[in-house]
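*Asks:* As they're listed, the protein sequences go chains G and Z. With the first sequence counted from 1, adding 1 to any position gets you the working numbering. With the second sequence counted from 1, adding 1045 to any position gets you the working numbering.
Keep in mind the hints are simulated off the structure, nothing from the lab. Where a beta carbon is used, it is the ideal one built from N, C-alpha and C, also for glycine. Where hints are given, some of them may not hold.
[As the list claims (entries may be wrong)] 27 angstroms max Cα-Cα, derived DSS-like pairs, lysine-lysine: (1) Z:Lys1234 - Z:Lys1131; (2) Z:Lys1127 - G:Lys107; (3) Z:Lys1193 - Z:Lys1141; (4) Z:Lys1141 - Z:Lys1131; (5) G:Lys17 - Z:Lys1193; (6) G:Lys17 - Z:Lys1141; (7) G:Lys107 - G:Lys17; (8) G:Lys107 - Z:Lys1141; (9) Z:Lys1338 - Z:Lys1296; (10) Z:Lys1234 - Z:Lys1141; (11) Z:Lys1141 - Z:Lys1127; (12) Z:Lys1234 - Z:Lys1193; (13) Z:Lys1131 - G:Lys107.
[Said to hold, decoys possible] Chain G side only, calculated, beta carbon under 10 angstroms to chain Z, not exhaustive: (14) Leu9; (15) Val11; (16) Glu13; (17) Leu19; (18) Arg21; (19) Ser22; (20) Leu26; (21) Pro103; (22) Val109.
[As the list claims (entries may be wrong)] Here are a few chain G residues that sit away from chain Z, every Cβ distance over 10 angstroms (derived from the structure): (23) Leu102; (24) Val157; (25) Ala177.
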Amino acid sequence: MSSIGKFLVVVESDLKELWRSGELLLMAVLLAFFQGLFFLIGALVRREEELFAKISGYSDSVLYQMAGVPVLLLSLVMVSAVGEYVIELGRRGALEHVQTLPVDAKLVLGAHSATITLISLLYYLVVTVPFVYVRGGLQAVSHLLPALLVLAVGLVPLFLFAALVAILTLLVRTEAFIELVSATVYTFTGIAYPLTVFPQIVVALAQLLPHPHVAESVRLAVFYGIIEPARFIPMLVVLAGYAVFSTVLYSRIERALRRGGRYEVVTE
Amino acid sequence: MVAAIEAEDLQKTYVERRLWRVRRTVRALESVSFSIERGRMVVLLGPNGAGKTTTVRILSTLLLPDGGTARVMGHDVVRETKEVRKVIGVMLDPEKGHFGRLTGLENLIFYGVLHGLTRSEARSRAVRLLEEFGLGEARDRPVEGYSKGMKARLAICRVLIHDPEVLILDEPTAGLDPISAREVRERLKGLRSEGRTVLVTTHNLWEAEELSDSLIVLNKGKVVAEGSPEEVKRAFGLSWSVELEVSGDVKGLRLGWETEVGVSERGRTLLRVQIREDPAELVPVILSELRSKGVQVLSVSVREPTLEEAFVRAVEGS
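This is chain G alone, in the form it adopts within the complex (with noise of 0.2 angstroms):
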């Protein structure tokens, strides 16, 4: 059989699971309450842009900070999903015994990433649409399709970031991990509110995650259209370096795993 065969059975696998559990839904209903929630926040500051900016030092608007925050939330999905997925595989020993197929494990979490990638592009799609149409009309539901160009691209750092505090997971062993990666993204990444409040050494540090490149590209594809290089390219870089750290980190770690004998994250 070849790699693509193999690649889809896991593709199939995993969208029948999320089905069966009820976590699509679960995810759709999410993304949509944290996105309008978010939105009529932005809606509601908008009154307030000149205290806005001069708290937040920031130049732009309110409304196209919270651009960013379908990034923030399809993140955290993905360390979430990612994380509980090779936890739950622990758990039932599913991941064992996957270890002991003639599979390398890296397309297995490929074609994973690659199911948790499709279903982010479409949700965010769907929740994105109605707020971008009653802020701009037509015209600016026309900007999602590079927004959504940008976003298949910004979501394979994403999900590397996701599948390394996934490793780091199962090294550490306890699923606490999975939180306090959250709530750091969450804080440091400058998509709730802008980095600009930050000391200059948190906004530097912050450039080494994805987020703030991906947040920043897709913000400029909603609201002007525009694929920016300036900024665009950064976000190649740091997908690049994560692709070579994460592939580094995992050979390094699933080696650790192999020494050590432990596949099992303690969740309680």
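Since the structure of chain G is provided, determine the placement of chain Z on it from the hints.
*Replies:* Leaving out everything else, chain Z in the frame of chain G:
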């Protein structure tokens, strides 16, 4: 001919760390060597912590040994991982390894395709296996609704989906009720008759004796006995007890074996003779000797040494 499974001086120590500090080390395998011929069913036996699961995990490519080598069908488990994985079917826990929300059929297709079968091959093989293992009616139900016994049978179907030459099964009846455990044992005996090499771990001695062509007894990370159940019993100097109900005076009787005189349940004189050789050959010799000494033998029974006795000696002796 290349042995199906070969282990030579396998060593493994687990190091438990808290951050960078070593909390404790556990020597799981001191030095384990054995060889299993093709087509044999071998039981790896030992008390808890003997190193059975560690050995199985090394052979399954899940764990790296610290020292020594292991080969499955001629492939090194450390350097030729992919080749080893192609020829083995692994069950680490009869209840684990399934995707609960997928059906039995979908689970088998998933594993079959990842083992390199085409989708149609995987499907037709899965359908046949599910029928063969009595899961035909449940094949389209999510696995999370299966009983423990059904999950165990599905686990056997899973390890057979790609028709492997070598099966590695870690405690395949653990946690099962007696009926399900018997079902699984019957299926395992069927696998032996198909000519596959099967390595099974258990600490159920009765099960070990029933299933195995030969045994490997592990204790404290070392092989302490090896061979067929009979050979293992003999290796530990265990004796058969020949019990003879006799009439006549046997008090001063001297035979060439260790004897003991008592009273049987029926109130007759009971002569108990301990022998270490094959009773089929020795009992006629004992009878003729007693006859020549004027002792009339009323009944004869032979009590075999149990594997449990051999196991206890092996473990305590090491």
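*Asks:* Check the hint pairing Lys1141 of chain Z with Lys1127 of chain Z against an upper bound of 27 angstroms on the C-alpha distance.
*Replies:* The given pair, whose Cα atoms are some 22 angstroms apart, holds under the 27 angstroms limit.
*Asks:* Next pair to validate is Lys17 of chain G with Lys1141 of chain Z; report whether the Cα-Cα distance is within 27 angstroms.
*Replies:* Judged against 27 angstroms, a Cα distance of about 19 angstroms means the pair holds.
*Asks:* Can Leu9 of chain G be said to touch chain Z, with a Cβ gap under 10 angstroms?
*Replies:* This hint holds: Leu9 of chain G lies near chain Z, its Cβ roughly 8 angstroms from the closest one there, short of 10 angstroms.
*Asks:* Using Cβ atoms and 10 angstroms as the threshold, tell me whether Ala177 of chain G really stays out of contact range of chain Z.
*Replies:* holds (16 angstroms)
*Asks:* For the pair supplied as a hint, Lys107 of chain G and Lys1141 of chain Z, is the alpha-carbon distance within the 27 angstroms limit?
*Replies:* holds (22 angstroms)
*Asks:* Under 10 angstroms is the threshold here; is the Cβ of Ser22 of chain G close enough to any Cβ of chain Z for the hint to stand?
*Replies:* holds (6 angstroms)
*Asks:* With the threshold set at 27 angstroms, check whether the alpha-carbon distance from Lys107 of chain G to Lys17 of chain G stays at or below it.
*Replies:* holds (21 angstroms)
*Asks:* Holds or violated: the hint that Val11 of chain G contacts chain Z, with Cβ atoms closer than 10 angstroms.
*Replies:* Holds - the Cβ of Val11 of chain G comes within 10 angstroms of chain Z, reaching about 8 angstroms at its closest.
*Asks:* Decide if the proposed pair is consistent with the structure: Lys1338 of chain Z and Lys1296 of chain Z, CA atoms, cutoff 27 angstroms inclusive.
*Replies:* This hinted pair holds, its Cα atoms lying about 12 angstroms apart.
*Asks:* Minimum C-beta separation from Val157 of chain G to chain Z exceeding 10 angstroms: can you confirm that?
*Replies:* holds (23 angstroms)
*Asks:* Are all C-beta atoms of chain Z more than 10 angstroms from that of Leu102 of chain G?
*Replies:* Since the minimum Cβ distance to chain Z is about 5 angstroms, Leu102 of chain G lies within 10 angstroms and the statement is violated.
*Asks:* Can you confirm whether the C-alpha distance between Lys1141 of chain Z and Lys1131 of chain Z stays at or below 27 angstroms?
*Replies:* holds (20 angstroms)
Checked against the numbered hints given earlier, this structure breaks hints 20 and 23; the rest are met.
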